[in-house]
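> Residue-level listing of the chains:
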Amino acid sequence: MSENTLAPSQLDQRDASWYVDKLVQILMFVGGISAIIFIIGIFVFITKEGLGFLFEGFSFTEFFGSINWRPTSANPTYGALALIVGTASVTGVAMLVAIPFSLGAAVYISEFATGRTKETLKVLVELLAAIPSVVWGFIGMSIMNEFIIEVFGVPIGLNVLNAGIILGLMAAPIMTTIAEDALKAVPDRYREAAEAMGATRWQIIRQVIMPAAKNGLVSAVLLGVGRGFGETMAVLMASGHAINIPTSPFDSVRALTATIAAELGETAQGSEHYGALFALGILLFIITFIINLAADLVVRGIRKK
Amino acid sequence: MVASETRTKVLEVDNLSISYGAKTAMSGLNLDVYENEIFGIIGPANSGKTSFLRAINRMDAFDTNMKVSGSLRFMGTEVSAWRNAYALRRQIGVVFPLPVGLPMSIYDNVAFAAKLRGVKGKAAIDEVVERCLTRAALWDEVKDRLDSLGSQLSGGQQQRLTIARALSQEPSLLMLDEFSIAVDPVTTMRIEDVLKELKKEMTILLVTNLVQQAERLADRTALFLSGSLIEIGETGALFEGETQDQRTKDYLEGRFG
Amino acid sequence: MTARFAATELNLSNYRTERRYRLMLFSMTAMLVLPVLIILGILVLKGAPMISWEFLFEFPRRGMTEGGIYPALLGTIFIVVVDLIFAMPIGVAAAIYLSEYAPDNWLTRTINLAIINLAGVPSIVHALFGVGAFVIFFGFGTSILAAALTVAIMTLPLVIVATRESLQAVPQAFREACWSMGASRWQTIFAVVLPNAISGILTGLILEVSRTAGETAPIMFTGAAFFLPFLPESVFEQTMALSLHLYVVSTQVPEVPEALPYGVALVLIGIVLIMNAISIVFRSYLRGKKKW
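Chains as they are written, first to last, in the working numbering: chain B, 1 to 305; chain D, 1001 to 1257; chain X, 2001 to 2292.
Check each hint, because a few of them may be wrong.
Here are some, though not all, of the chain B residues that point toward chain D, as calculated from beta-carbon distances under 10 Å [said to hold, decoys possible]:
| no. | residue |
| --- | --- |
| 1 | Ser9 |
| 2 | Asp12 |
| 3 | Gln13 |
| 4 | Arg14 |
| 5 | Asp15 |
| 6 | Asp21 |
| 7 | Leu23 |
| 8 | Gln25 |
Derived from the structure by calculation, the hints contain no laboratory data. For each residue, glycine too, the CB sits at the ideal point set by N, CA and C.
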């Protein structure tokens, strides 16, 4: 029975599929905004649990200025400075390791490698990214620990250097992948024009492609830094446990993330110590939020061109 | 020649304007399309021809940039007033410039719209599939491989498959937008023959960049230029030079566009 | 006149420079990926002796220094399953929304920013959230449910991104063809878009499983415990987990035989690498089966 023997008003009926379509649209929308709901939820709940501390035992100057993180002493102090510097130093070493190697690898894979080699390298990078952080931590405690003690002759192998190298290896794959994408996004006509002028591959890369991919490369670095700041288990297991400001890469340190992980189990819910750990969590949330926002803005800079 | 006042109007357009953001694609369009005619629309690129087709079947619902104003009536009702836009689109078949074979079997390609209409049961759907593929001049070539992927047919076959899909909707209006640009001349001729047959049962809106194609097929032809309607007339008359606007004459004689 | 092209001095020096840089870059790449192989090698060497049927299917004894890892293995599977139940529907729905419905406006940009941030928030902060929200506020207590929800939210971006990419890879022409036949958005998605995006959804699922199995911090305080004498009987109970087990046997158990933590690490990394390998093979298989 063909529909067009009916008058238009009879055809124009909202049938079941019309209503199903609307329902699905609503469900998909809910799924879509779920990410926003969760991010807001994270901020709300960690603030809620940290509120007790923030209104009572928290002092801005102590928190950010003192290295005395002694929550379990008779007169508890909550100076997070050493922890902040600990995180920063480990992340710093990680970036020293990761940035040159991942950018170099990205350039090689994107501009020089072909066929099987390229595929294999990309697979290896992907597998590197898949290694769980607790396994990295274990490697830091065992293999890297012994390696550092032997090679550098220091008594303790759990330190800034250890955690830094491990973190560097952890952050490198993401940075490589994003940097690779940024390099791939540079239009071929840039390469072709430079080639036509007689430039060598390396000259093209250094003077044409990398500047053009600048935004994506910066974004890759920022995301790597974010990863470094936020890493928990590996740093917990590889950086040692001394809460102090490091004076050499062979000093042990404690990171913000590691502190929370190490101490949360010992606190009573609602206690000041408990709240202080949540306060560290709020700090971490804000720092990584800013880094991710910056990375996103930088990437958006490309799309505006 | 039938007196136009007694024929049913399938499309009535009154002061239709279409814009995409700040760009105007069409302004102040007025025209009527009668039942069972082949109405040709010719004109150079960016004249608003495709935008006009998209406004007819409410594709602006899928494009947040596209703004349509004015009056466009299909079968007597404003297209914007249809409560179920999907039902509106089921009445209108569309053939695009680039052939599209959906990535499913040929059988499923043609069965898709039939199922949307509510056709049930294998026998009924089989019948629709065979009938539409036959009328689209494709049945003989694919009848032994209805299970193969529609997206892997040749361009000419995919275009005929598109027509078969459109026919399976049993539409009152069939719109073709430059259907022959990606298709070989033999297939074009076969499709033109199909269209001549189809006009007995439906109305056809034929947008084409091939002026001769309009001459061969269209009963009446309209010229669009840069978003405005320049002229409509009986095709025969226009091509014999009885134009009211000099630009029409120039375009038909190939002096621009 | 015959023209003879001889390399000029400049050409040769450029060529040499290029060779040097190429070599340098290759070695940098190699130094980046070799650690994977070296680490795997060492883990296999030192951990393989531990791997046996008993190791995988027995309970630990004598304070974790003997016996097997069975409850931890099972616990990880429980957490993964519950996690998938939440993460897959929400993640796929979000991806469908972003790919098929979302207009190019501030809300969409905010959603994308939220996704990047969800992935970027430190895992221990996710744990804090899990404690505050699921353990305390919703009252699930430390349980498989709380742990799985926490990990699900943390790994949601993986599913969303993988699914969205495969949805966006479906050509727009197919959608327009369906719409112009009068199919609704949902009918089009169901009939043409989703079936052709299955590869991305499965990739997302495999990555999700792999990531979830390896995570420690988010489950540490929300539902995973170090030693439980019995297996959990409902999602409201605690469980052991492979990742937490590795952490504890390597840091907090005295006199553990050297090979034990290597064995646990080997099992954990084995699961992760096998899942990733399946995903890689699957993707290249699909690349050969293109439908258009």
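> Hint by hint, say whether it matches the structure.
Structure-based check of each hint:
no.	hint	verdict
1	Ser9	7 Å, holds
2	Asp12	5 Å, holds
3	Gln13	6 Å, holds
4	Arg14	5 Å, holds
5	Asp15	7 Å, holds
6	Asp21	8 Å, holds
7	Leu23	15 Å, violated
8	Gln25	12 Å, violated
The structure is inconsistent with the numbered hints 7 and 8, although it conforms to all the rest.
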